[in-house]
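S.K.: So you can see what is in the structure, the chains are spelled out below.
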Amino acid sequence: MKLRAALLILASFSLLLAAIFVGHPLHGEQGQFILWQLRVPRVLVGTLVGATLALAGAVFQALFQNPLATPSTVGTTAGATLGALCALAFDRARSVEGLPWVTVAAFIGAITASLLVASFASSRRAHSSDVLLAGIAVTLAASAFATGIQYVSDSRALFAAAQWSLGQLPQVGYRGVLLLLPICGVSATALLLLTRDLQAFALGEELAHSQGVNVPRLRLLALGFASLGVAGAVAWCGPIAFVGLIVPHLVRLLLGSSYRTLLPLSLITGAAFLVGCDLFARIVVPGRELPVGIVTAALGAPSLVLLVARARRR
Amino acid sequence: MTDLEFSGVGVRIRERALLTDITLRLEHGEFIALLGPNGAGKSTLLKAALGLRAATSGSVRLAQRPLAELNARERAAHVAWLPQHIHADEPIRAQDSVAAARFRFHETHAASQKAALSALERVGAGAYSQRPVTELSGGERQRVAFACLVAQEAHTLLFDEPANHLDPAQQVEIYRLIGDLWREGRSIVCITHDVNLLNHLGDAARVRVVGLRAGKLAFETRFDAPELPSQLSALFGLELRTFDASPGRFLVPATRSEP
Chain A
1 MKLRAALLIL ASFSLLLAAI FVGHPLHGEQ GQFILWQLRV PRVLVGTLVG ATLALAGAVF
61 QALFQNPLAT PSTVGTTAGA TLGALCALAF DRARSVEGLP WVTVAAFIGA ITASLLVASF
121 ASSRRAHSSD VLLAGIAVTL AASAFATGIQ YVSDSRALFA AAQWSLGQLP QVGYRGVLLL
181 LPICGVSATA LLLLTRDLQA FALGEELAHS QGVNVPRLRL LALGFASLGV AGAVAWCGPI
241 AFVGLIVPHL VRLLLGSSYR TLLPLSLITG AAFLVGCDLF ARIVVPGREL PVGIVTAALG
301 APSLVLLVAR ARRR
Chain B
1001 MTDLEFSGVG VRIRERALLT DITLRLEHGE FIALLGPNGA GKSTLLKAAL GLRAATSGSV
1061 RLAQRPLAEL NARERAAHVA WLPQHIHADE PIRAQDSVAA ARFRFHETHA ASQKAALSAL
1121 ERVGAGAYSQ RPVTELSGGE RQRVAFACLV AQEAHTLLFD EPANHLDPAQ QVEIYRLIGD
1181 LWREGRSIVC ITHDVNLLNH LGDAARVRVV GLRAGKLAFE TRFDAPELPS QLSALFGLEL
1241 RTFDASPGRF LVPATRSEP
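Protein sequence lines, in the order shown, are assigned to chains A and B.
Quick note on our numbering: the first sequence kicks off at 1 and runs consecutively.
Quick note on our numbering: the second sequence kicks off at 1001 and runs consecutively.
Here chain A stands alone, though its shape is the one from the complex (with noise of 0.2 Å):
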């Protein structure tokens, strides 16, 4: 188990190292400018947003003990893409304290949606069942706002929104990267601290109370530092899909469900994964960039059903 463990660390190091050489090649001055200008941000960026969705989506699985919980299931995605989509429609020229306008209202209305549902899970009533439906009402209500956006916009936001909603790796160079760092950062150091938290909630919500975990707190904590991180990732990238639901089962079936490695191990593999994405759909086709979140669905769906599959087996 700890050496497949130091394989996958191995592996996803080595996949991220490469994905900076790997591509077109590069001479001269203006090699050196697209390695270090472009692609080593977006290598950064890709390893920043990956890894959150995927840590993400592991504490979803645990707190709602459900294997199907992902990023977007408390409706972050939802907000974030009603953000977007009301920044595209209305107002696309602006840009605030020179960030992309679309870019803001996305992480707003990511926030907000968070907030809506984690207001809603922090009372001690509730069951995470109950958070759950939360969160399926804020997506849908959401997502019936964004629709009616797009019913009144024109065809070049449309269009627009279109693209940012398929996800994507920007080019946002190292202000983007310093930007989202604190907010990942202090979103995965939070979550990660939880580990002994999440993992008596394994057995169930009522037996990990009675062990002395603070259900309500625990539930906002995860909530809120795992929404923070997402609304970030969402906002620059757009959804990107399965990251979040592929990477922890994978790692889950590779390592156990031990959550002090599922957790750290779900981070690291999360960016190779998302890193790994972005460089075929650079290269796949010449000349082209594929959206990366059009990949990471097609990659990810089918390997995960072969490892659900051959999991079977055994």
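Read the hints as simulated data drawn from the structure, not as lab findings.
Yeah, the Cβ is synthetic: ideal placement off N, Cα and C, and Gly gets one too.
Do not rely on the hints blindly, as some may be mistaken.
What the hints assert, rightly or not - Partner residues aside, some chain B positions facing chain A, computed with beta carbon under 7 Å:
hint, residue
1, L1050
2, L1052
3, A1072
4, R1073
5, A1076
6, W1081
7, P1083
8, I1086
9, E1090
10, P1091
11, I1092
12, S1097
13, A1100
14, A1101
15, F1103
16, R1104
Fit chain B to the known structure of chain A by using the hints.
M.R.: Positioned in the frame of chain A, the structure of chain B alone reads:
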């Protein structure tokens, strides 16, 4: 010293009363067997002691302090619980599950693991400490849950039908383990449908038998009291026959008389 005290406890959900005016004290080192028909409120009473169900009237005290004043870790130091069902969806190793039950202790991972292993060995589950809980049989899983309760090291233990769904040998074994914990000085409340299993505790005569019906206390008596059979017959609406063996006392539903 009183380890657990219910004073006039009532639990209502909207118009429905689950418990009404329950007053019951568990003194240190005592054993209460809680009996009653399905839906009588037995599990609700245990959940009220854990703060999983808020008392809508009256008060619950743990070790003479109001339950509401204790934080989660303090409460867990006083009272541990073996629920009727445990949730096992995640393939977590048995030892890790038990180590997680040490949540209330501020200790290293290694210390939790060591305590977990000795708890598992104590309940005879050492052999499968490394297996995922999802792959265990019902009896094995129940022992892992039992080990969680042992590892928590609380002084008041609440059992909710601990021998449910187990084969007879496992049932006896579980009750012997509970008897051992009792003799070590723990205070215990145990819900059971099978009063005969109490014989395996070791000192059944000292057991207080409390009957609960429709959310109210129906009676309280000792296990060796002569009126126990008639009280249980009335509680369940079932004619019982008594067989006194030495040691032991067995109550069995009477067969239908010949026409």
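S.K.: Please go over all the hints and tell whether each is borne out by the structure.
M.R.: Comparing the hints with the structure gives:
1. L1050: It holds, given that the least Cβ distance between L1050(B) and chain A is near 5 Å, below 7 Å.
2. L1052: Since chain A brings a Cβ to about 6 Å from L1052(B), closer than 7 Å, the hint holds.
3. A1072: Hint on A1072(B): holds, closest Cβ of chain A at ~4 Å, below 7 Å.
4. R1073: holds, 4 Å
5. A1076: holds, 3 Å
6. W1081: holds, 4 Å
7. P1083: holds, 6 Å
8. I1086: Hint on I1086(B): holds, closest Cβ of chain A at ~5 Å, below 7 Å.
9. E1090: Holds: closest Cβ of chain A sits about 4 Å from E1090(B), inside 7 Å.
10. P1091: holds, 5 Å
11. I1092: With Cβ-Cβ at 5 Å, under 7 Å, it holds.
12. S1097: holds, 6 Å
13. A1100: holds, 4 Å
14. A1101: This interface hint holds because 5 Å falls under the 7 Å limit.
15. F1103: holds, 5 Å
16. R1104: holds, 4 Å
Of the numbered hints listed earlier, not one is contradicted by the structure.
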